[in-house]
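Trainee: One line per chain: the protein sequences are A and B, in this order.
The first sequence begins at 1 in my numbering and counts up by one.
The second sequence begins at 1001 in my numbering and counts up by one.
Don't read these hints as lab results, they were simulated from the structure.
We put the CB at the ideal spot given by N, CA and C, even for glycine.
Each hint should be verified, as a subset may be incorrect.
[What the hints assert, rightly or not] From the structure, some residues in chain B lie toward chain A, with a derived Cβ separation under 10 Å:
#1 Ile-1309
#2 Val-1320
#3 Thr-1344
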Amino acid sequence: MKLQRTLTGPAGAVLLLVLLMSLAMIVAGTSPIDGFTALFVGALGGTSQLGETLVATTALLFPALGIALAFRGGLFNIGAEGQLLIGALFAGAVGAQMHLPGVIGMALLLLLGAIGGGLWGAIAGWMKARFNANEIISTLMLNFVAAAISLALVSGPLKGPLATGAETAWLDQTYWLPTLLPGSRLSIGLLVALAFALVLQWLFSRTVFGYELRASGEAPEAARRAGIDIRRITWLSLALSGAIAGVGGATIVAGELHRFNTQLSPGYGFTAIAVALVGDLQPLWICLAAFGFGILEAGGLAMQASAQVPKDAIHVIEGLIILVLAARRYVTTRIEPAAE
Amino acid sequence: MTDAAALTLRGIRKSYPGVVAVDDVDLELAAGEIHALVGENGAGKSTLSAIAFGEVRPDEGSVQAAGTVGLVHQHFELVGRLRVWENVLLGREPRRGWRIDEDAARARVRELAERNGLAIDPDAIVETLPIGVQQRVELLRELDREPAVLLLDEPTAALAPAEIAAFFATVQGLAARGTAIMIVTHKLQEVIAYATRVSVMRHGRIVARMETASTSIDAIARAMVGGDLPSVATRSASAPAPCLSIRDLRAGSGETRIESLSLDVQAGEILGIAGVEGNGQTTLADAIARMIPYEGTIAYADGRARTGIIPQDRHREALVMPWSIVDNAILGRQQRAEIRHGFTLDRARARTDAQRIKDRFDVRAASLDVPVRTLSGGNQQKIVVGRALIDDPAFVLAYNPTRGIDVGAAALVQSRLMEARNGGAAVLLISFELDEILTLADRIAVMYRGAIVGTFERANVDRGAIGRLMAGLTE
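Take the sequences, apply the hints, and build the full model.
Mentor: Below, the structure is given as structure tokens:
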């Protein structure tokens, strides 16, 4: 029983993860020691490496926090990728045209990201509240709509005059988010993300809205009988969830790329689901989980270069993490003693 | 009547993390006996019967049965959309090649039903049948396996008085043909009336074994609680004044529809709604709680009164099980001015309220921060009732407020409801336990098929007449 508890706890999950990664490295023909060395040196071995890790951390943290908000309300938002993309598109499209003082411009870019992502989340929320459309399907499908719309817009009307691919024009330098870590690409977007985590923690634990949101997620019928307007919670939480992911998209535009590009997310919105779950849907733990996944994302490239482990192995591992988590949840429910 | 042992349990022990559910229990069932197993909630009855059935493996001890063991669950485990014969023979269907031999199956179920004196149509869809008939299906399914031992878990919880008598006639027939029967129940009148022997469990042990011929309800109840019975607070004089008025209420659909129901609840009285489950009580409660649409009027004398609602399903409708007592103490009250300050909740106030509920209702919990899921049913219900009464409501709706909780907790809950009434609250008590209504109510209204079919003043209650009305019989 005790061993079982340990294996199903977080330590067990990490242990299992290390074993699985070792296995993947052996399959790829590298010794696990070389593989892990390459991974950690590549992720944390210098300023620019650490910077890249934290850039990935930031990019994962926003959608993960948004996903956590929806999940806590009992809504499976699988659409953070699309919400992030639309947020980035709003910021990129308007940012390339605007003429404002720097700080106000930066704030406006983030706000535009929130509006874009929020709108995208609200569509699924409205469909759920109005027609009881399954949000897993609608948010997932809206990802494809978001990708297609943004590709169509930046291939045509929003395409930058000098752009070669599907990109908007450059943002004016005054709107570039200041660098946080000199010698790296890391912007103050990370601080914004951490601030969001703190606000979300406060929202969950202290506010009436957070209380009603959690009640709706944990016990919908009890929540309804407690006078909570479930429909309002539904569309509002998906809108807020999308808004947070959208701000993430805007920070990628304003912080790193300095213009919108349809390839700006290599699936952050999907990996963020695992980040949110590993972080147990608790904002502060999610920060830690995002850093862990940031190491995998950034270190994976270095691992590929120096240890000849393909970067796809990292994606295999991220997939395995989700499986391990799902299994862990299943195992822990099974061993819980029957009540009464 | 007692000859060979049909079921022998020796030195049974079973513990779950933090609690010993069954502690060194020996129990022997003779073929042909009807043995009652009684005890308060959490005494270990359910665990013991699950062990006897083979569903739970004991940590220590042995289980020996003379043949198969059948179990009829309190909450039926039937497939509602399938036919009666499909449910009865599920997993054991007679086959012809790779297909089910439907004719043989129907004949087998019909023959089984006749042999046991249970009238049933093998082709009826189970979910369309009344509760009492559904139970026959559950019983037939077990009987098809010709069990040497039959365990019945709270078999009469959902039955009307007339159905209960018919049910026990069947059970006695089975026993006469040699099946050993064990009934897990908390209805002591039925124990005295129908069982031959009774074993009383408390804290995981069997603390008394009695022949029902030479004992009394009182003696069994005292053994269950380990001392004298808690008494309910006394009724004081009150000055009735109008509080809630329901006129021409129409709500719900199907079997539980309410057609033109009117009733009044006065301040300072408990109005008891007696009736068998499934006669529209849930529709009435949901309409009053404004959880479903309705036509007609539900009005309070002073506009919008403060209401306290005790829903019938505490797990699903009243509590957030993974949350602490503190968080649950403000559920449904989170928008009240004393809890909500702008965007935020007054956490200190929530804690004070939780402490008040814990003190006033004697909630047994290690701290206010433990998840309510870890508490016993009785303690969970105390929180639900405590929360409903904490703001001194003018109207209280209590739907089965003591269902499935132990005697001590039930007496406490009933006392607090009586005190609320004495303090001037109007209390509408909907209960499937007639005894509870007879104990608490100032007036009794009998509900049958969505209508009030009779009302009685406390002074001239006629238990027999109420029972007949509950069963739909008219004088």
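Trainee: Take the shortest C-beta to C-beta distance between Val-1320/B and chain A; is it under 10 Å?
Mentor: holds (4 Å)
Trainee: Any CB of chain A closer than 10 Å to the CB of Ile-1309/B?
Mentor: With a closest approach of 7 Å, the Ile-1309/B hint holds.
Trainee: Answer holds if the nearest beta-carbon of chain A is closer than 10 Å to that of Thr-1344/B; otherwise answer violated.
Mentor: Where the cut-off is 10 Å and the nearest Cβ of chain A is about 5 Å from Thr-1344/B, the hint holds.
In summary, the structure agrees with every hint in the numbered list given earlier.
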